[in-house]
Amino acid sequence: MHTDAKEKTMKKDIILSGVGGQGILSIAAVIGEAALAAGLHIKQAEVHGMSQRGGDVHSDLRISSEPVHSDLIARGGADLIISLEPMEALRYLPWLAKDGWVVANRAPFVNIPNYPDHGALLAELRALPRAIVLDVERAAAEAGVARAANIVLLGAASAVLELDYGALRLAVGKVFGRKGDAVVKMNLKALEIDRGAAERI
Amino acid sequence: MVSGTPERVVSVDLGGSAGDGMPGNGKNTQRNTYLGIKNYDILEKKLLLLGDEAVALGALHAGIAGDYAYPGTPSTEITEYIQASAPARRAGIRGDWCVNEKTAMEAALGVSYVGRRALVCMKHVGLNVAADAFINSAMTGTHGGLVVVAADDPSMHSSQNEQDSRFYGRFAFVPLFEPSSQQEAYDMVRAGFELSESVRLPVLLRITTRMAHSRAVVTTAPPAPGPAALSFSEDRARWVLLPVNARRRYGELLSAQDDLELRAETSPYNALIPGTNRKGVIACGIAYNYVTEAFGGAPDRNVLKISQYPLPRKLIRRMVESCGEVLVLEDGQPFVEEQLRGLLDGGGKIRGRLTGEVPRVGELTPDNVRAALGLPSAEVNAPSGNVVPRPPALCAGCGHRDVYEILNEVLRDYPDARVFSDIGCYTLGALPPFRAIDSCVDMGASITMAKGAADAGLHPSVAVIGDSTFTHSGITGLLDAVNSRANVTVIISDNLTTAMTGGQDSAGTGRIEAICAGVGVEPEHVRTVVPLPRNHDEIRRVIREEIDYPGVSVVIPRRECIQTLKRKR
Numbered sequence: 000m001h002t003d004a005k006e007k008t009m010k011k012d013i014i015l016s017g018v019g020g021q022g023i024l025s026i027a028a029v030i031g032e033a034a035l036a037a038g039l040h041i042k043q044a045e046v047h048g049m050s051q052r053g054g055d056v057h058s059d060l061r062i063s064s065e066p067v068h069s070d071l072i073a074r075g076g077a078d079l080i081i082s083l084e085p086m087e088a089l090r091y092l093p094w095l096a097k098d099g100w101v102v103a104n105r106a107p108f109v110n111i112p113n114y115p116d117h118g119a120l121l122a123e124l125r126a127l128p129r130a131i132v133l134d135v136e137r138a139a140a141e142a143g144v145a146r147a148a149n150i151v152l153l154g155a156a157s158a159v160l161e162l163d164y165g166a167l168r169l170a171v172g173k174v175f176g177r178k179g180d181a182v183v184k185m186n187l188k189a190l191e192i193d194r195g196a197a198e199r200i
Numbered sequence: 000m001v002s003g004t005p006e007r008v009v010s011v012d013l014g015g016s017a018g019d020g021m022p023g024n025g026k027n028t029q030r031n032t033y034l035g036i037k038n039y040d041i042l043e044k045k046l047l048l049l050g051d052e053a054v055a056l057g058a059l060h061a062g063i064a065g066d067y068a069y070p071g072t073p074s075t076e077i078t079e080y081i082q083a084s085a086p087a088r089r090a091g092i093r094g095d096w097c098v099n100e101k102t103a104m105e106a107a108l109g110v111s112y113v114g115r116r117a118l119v120c121m122k123h124v125g126l127n128v129a130a131d132a133f134i135n136s137a138m139t140g141t142h143g144g145l146v147v148v149a150a151d152d153p154s155m156h157s158s159q160n161e162q163d164s165r166f167y168g169r170f171a172f173v174p175l176f177e178p179s180s181q182q183e184a185y186d187m188v189r190a191g192f193e194l195s196e197s198v199r200l201p202v203l204l205r206i207t208t209r210m211a212h213s214r215a216v217v218t219t220a221p222p223a224p225g226p227a228a229l230s231f232s233e234d235r236a237r238w239v240l241l242p243v244n245a246r247r248r249y250g251e252l253l254s255a256q257d258d259l260e261l262r263a264e265t266s267p268y269n270a271l272i273p274g275t276n277r278k279g280v281i282a283c284g285i286a287y288n289y290v291t292e293a294f295g296g297a298p299d300r301n302v303l304k305i306s307q308y309p310l311p312r313k314l315i316r317r318m319v320e321s322c323g324e325v326l327v328l329e330d331g332q333p334f335v336e337e338q339l340r341g342l343l344d345g346g347g348k349i350r351g352r353l354t355g356e357v358p359r360v361g362e363l364t365p366d367n368v369r370a371a372l373g374l375p376s377a378e379v380n381a382p383s384g385n386v387v388p389r390p391p392a393l394c395a396g397c398g399h400r401d402v403y404e405i406l407n408e409v410l411r412d413y414p415d416a417r418v419f420s421d422i423g424c425y426t427l428g429a430l431p432p433f434r435a436i437d438s439c440v441d442m443g444a445s446i447t448m449a450k451g452a453a454d455a456g457l458h459p460s461v462a463v464i465g466d467s468t469f470t471h472s473g474i475t476g477l478l479d480a481v482n483s484r485a486n487v488t489v490i491i492s493d494n495l496t497t498a499m500t501g502g503q504d505s506a507g508t509g510r511i512e513a514i515c516a517g518v519g520v521e522p523e524h525v526r527t528v529v530p531l532p533r534n535h536d537e538i539r540r541v542i543r544e545e546i547d548y549p550g551v552s553v554v555i556p557r558r559e560c561i562q563t564l565k566r567k568r
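Protein chains in written order, with numbering that gives the first Met the number 0: chain H, 0 to 200; chain U, 0 to 568.
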């Protein structure tokens, strides 16, 4: 279908995860917007309804230079897990490709009585071959953009995404543009904070 | 054939701004001015849309006069998209939340009666509620185009069963579409209105959760002119289903079936794609995507894609006769597989959910489709031993929490008490820490089950129902309870919205007490309280008094949903 021979083939199957209300869909919207501007194919399955009430939520985001058929990512097929919560990153390990990346927020979201030991979660994450674990809430708060912690996480994942950083910036502008310039600026700043995280691994 | 994925995105718009894609003026020009939108380049429009939004936009572009619905996952976003469309609003195109799916279906049939197009949207179990109107709308037939959308929820992500709406299509003898892509969803709604007007029948569009709630790029086609002028069908009698007319209509409906099947045989949405071996796959709706994915875009098997029903018998016969074995892949129940196998099994050639190749329950996934096709699966990481389930829960600060906390305390003094509940956020009261309810069956069942249990001798017999569910299907049950002087205590936990589906308008807001009084509940036994910690003592007392009152009493704890409140700030 895709006829532009100059473009190299690319495919990124991304699982976005977190707890209902944390803001994974904003991350998905920015990546989706950047992918579309790059002329890529896209499918993005979301979770609406009951689980949004504080339950675990995830979104399967598939971008590719070739047509995308399935709305869902197969087990062992995800190139990247972006998670706003450490346990929610680990929930999707069976979907992560053997050489896949995990970019996860370090801070737990504890709304269940039997939440596992935080140290054990972090140890399991750090034992993965390609994992970036950072406290995006703290990073966002220190930079004065506390409300954009989710976009700090996206910035940390940007190097792995293989999307043009300038295109991501434009996408932030488009997705948050309706909320005004101040919100766009805040999110652009958030995007920048941990942009180099992948290189530090 | 199958709609292709667009090659390049010319302009992109995330969902929610339906306004940009509104109908043109019907002239054959690329540059269009309609409903205040200037220079709208209709032939170049590509949008990133949820399946639900593609359905909504298809309906707007088909020139509907109105959309009628009751919210229900995964169908809710269709009507929300139409409501968010400023040009549709300016043009007076309705996007109504109705009291329930039956009233929505009937209103749409009324629009059809006067020659205009209408869309009706509901979740699969909503079609049970609308079934009387739906089945009989095929008996009367339609005049203006009528498309009914049923959004099924295999795997029960947000539902109490995984019934398959295709059975309803066959039961009612109406044509049915089942899109495999968001593009097809858009195209099929438009084709559905054409078909409906051509065969004078309602058309059922069946989508599933993964279609409804997945985004992809949709290319729009030039919109139809706006809603048609009023007109009436010449056959007045067919709308009056007296037995004499109904018998004639039933004959006409049955004799239309050959034509509907012929249309499915030649439909652009059904296609037999030859393979390189003697294995066959019948892929219904989105199953087609999983099959294509499994073979990296080029299946080696003979694939029969089915997206338009009644089942195209000739296409199926051609496929089955040319193949040694045929695997049926369908999301939901084994609707096609059962028909193909028949009662006598058909010699074991037809495989699928009934023969164990595909799990008997739950939605299709790329993984279970690969397994069913006999393809190797990828090497997979073991699940983490640290991960525990994180079930949904009532929000912090939600008024339902106060209600259950108090109810649990009060009912500790009544060991035989049972609490019949209903469908909404408050169903989460079944889970820890509350474990406060004993039933959740269907919309409105709380009040009527409490009445039945009380009739049979239970005391206290308590019902807990939300405000939107009460107006949907609780009022009639309350009238039953009043008429039989049932000894029940009904708690209408009023958060002033339809919260579970994201905060849509609730039909009885501001009138719940008046409705209860109008139904005949004694006004002194309709008690309104504010579920806040400082009022717990008072609420405990009120509930005790009403439990001890031997008759129908209603307690209305009322406080705005914490989610809709947050959004306003």
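I should point out that these hints are in silico values taken from the structure, not numbers from a laboratory. Be careful, since some hints might not be right.
[Unchecked claim] Calculated cross-link-like contacts (lysine-lysine; reagent style DSBU-like; alpha-carbon spacing at most 30 Å):
| no. | chain 1 | residue 1 | chain 2 | residue 2 |
| --- | --- | --- | --- | --- |
| 1 | H | Lys184 | U | Lys565 |
| 2 | H | Lys173 | H | Lys10 |
| 3 | H | Lys173 | U | Lys567 |
| 4 | U | Lys278 | H | Lys188 |
| 5 | H | Lys173 | U | Lys565 |
| 6 | U | Lys278 | H | Lys178 |
| 7 | U | Lys313 | H | Lys184 |
| 8 | H | Lys178 | U | Lys567 |
| 9 | U | Lys45 | H | Lys184 |
| 10 | U | Lys278 | U | Lys313 |
| 11 | H | Lys10 | U | Lys567 |
| 12 | H | Lys173 | H | Lys188 |
Values in this document were obtained by computation on a predicted structure and should not be read as measured data.
Consistency of the hints with the structure:
1. H:Lys184 / U:Lys565: holds, 23 Å
2. H:Lys173 / H:Lys10: Roughly 23 Å separates the two Cα atoms, so the pair holds.
3. H:Lys173 / U:Lys567: With Cα atoms ~23 Å apart, H:Lys173 and U:Lys567 stay inside 30 Å; holds.
4. U:Lys278 / H:Lys188: violated, 55 Å
5. H:Lys173 / U:Lys565: holds, 24 Å
6. U:Lys278 / H:Lys178: Violated. U:Lys278 to H:Lys178 sits at ~54 Å, over the 30 Å cutoff.
7. U:Lys313 / H:Lys184: violated, 60 Å
8. H:Lys178 / U:Lys567: holds, 15 Å
9. U:Lys45 / H:Lys184: Judged against 30 Å, a Cα distance of about 28 Å means the pair holds.
10. U:Lys278 / U:Lys313: Holds, because 18 Å separates the two Cα atoms, which is no more than 30 Å.
11. H:Lys10 / U:Lys567: violated, 40 Å
12. H:Lys173 / H:Lys188: holds, 15 Å
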